[in-house]
Amino acid sequence: MNAELFVFIIFAVAALAGAVALVTARNPVYSAMGLLLTMLSMAVFYVLMDAHFVAVVQVIIYAGAVMTLFLFVIMLIGVDRSEDNEEKIPFQRQIVAILGGGLILLLLVAGHGAWVVRDTGLAKVGTIEEISDALFGSWMLPFEATILLLTIAAVGSVALARYEGIVRQVPGPASAVRVPDVEPAEPEAGGER
Amino acid sequence: MTVTAGWYMALAAVLFVMGGAGLLLRKNALIMFMCIELMLNSVNLTFVAAGHALGSIDGQLAALFVVVVAAAEVTVGLAIIVMVFRKRSTASVDELSGMKG
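Chains A and V supply the protein sequences, listed in that same order. Under the numbering used here, read the first sequence as residues 359 to 551, first letter to last. Under the numbering used here, read the second sequence as residues 4 to 104, first letter to last.
Next up, chain A with everything else stripped away, as it sits in the complex:
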């Protein structure tokens, strides 16, 4: 048993365990920790596949920035409201199990013929030099497009965060009064209408 196979098996188990924790944990913080485990295992896989720069990006952006953002929002929203177990769609779990199992089976059977099953010996090492040569060469236009995308996302999230309500013209005093458009607490309908 060589070292690569050994590392792969360990971190494949870790990634699967993290995914299971993400899907099954009741507490959202535990879900986030499971996702973190999966993302760090993926970084290890990238290192195994000589994609060093992508591995660094994975750790810094995903495991660092994105998961921190998730944990902040979990902190903001609160973890104490556990989901109720009742399902509105009958047999939801069973349907998901059948669909998921079928999809896994389909993917593995369909992929078995197409996936690479031997070492091609073509591998390139993903150093920063290689990546930047391609990024600022043939991938220049998509790279520029991400600037636009990130700007739109930043502006959009700031606009959402600062949104306070619609300014409505209220008859009477000749000034626009800011009316917070929080709906009056609607009486909870007892069930389906």
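What the hints contain is simulated information worked out from the structure, not anything from laboratory work. Treat each hint with caution, since some may be false.
Said to hold, decoys possible - Which residues of chain A face chain V? A few of them, derived with a C-beta cut under 7 Å, are:
1. 418
2. 497
3. 499
4. 506
5. 514
Note that the Cβ used here is the ideal one computed from N, Cα and C, for glycine as well.
Since chain A is already given, all that's left is putting chain V on it; use the hints.
Leaving out everything else, chain V in the frame of chain A:
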């Protein structure tokens, strides 16, 4: 016995389906969002594995672009979730049925 790209792709397929199952099962909007992240991550793994097997750097670049798009998506999505929580004080998607006919 060497680890080939097919192994990574099989693992990525399993992780993708688990993310999709979580998306269908859970009701907390945050956890559904994290399941989407898991699916994007598994696709990244497939990209890098294919690029590794084909001797091309483009797989890693595609993975980088997916990371960028996912970061932008997380920013906007979390802002929307926080705003919905401020207005309706719930993050459960079952409660957010205001648009049903």
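Here's how the hints hold up against the structure:
1. For the restraint placing residue 418 of chain A at the interface with chain V, the shortest Cβ-Cβ distance is roughly 10 Å, beyond the 7 Å limit, so the hint is violated.
2. At a threshold of 7 Å, the smallest CB-CB gap from residue 497 of chain A to chain V is about 6 Å, leaving the interface hint in force.
3. Taken as an interface hint, residue 499 of chain A does not check out: its beta carbon lies about 12 Å from the nearest beta carbon of chain V, beyond 7 Å.
4. Below 7 Å, beta-carbon pairs count as interface contacts, and residue 506 of chain A has none with chain V, the closest being about 10 Å; its hint is therefore violated.
5. The restraint placing residue 514 of chain A at the interface with chain V holds, with a minimum CB-CB distance near 5 Å, inside the 7 Å limit.
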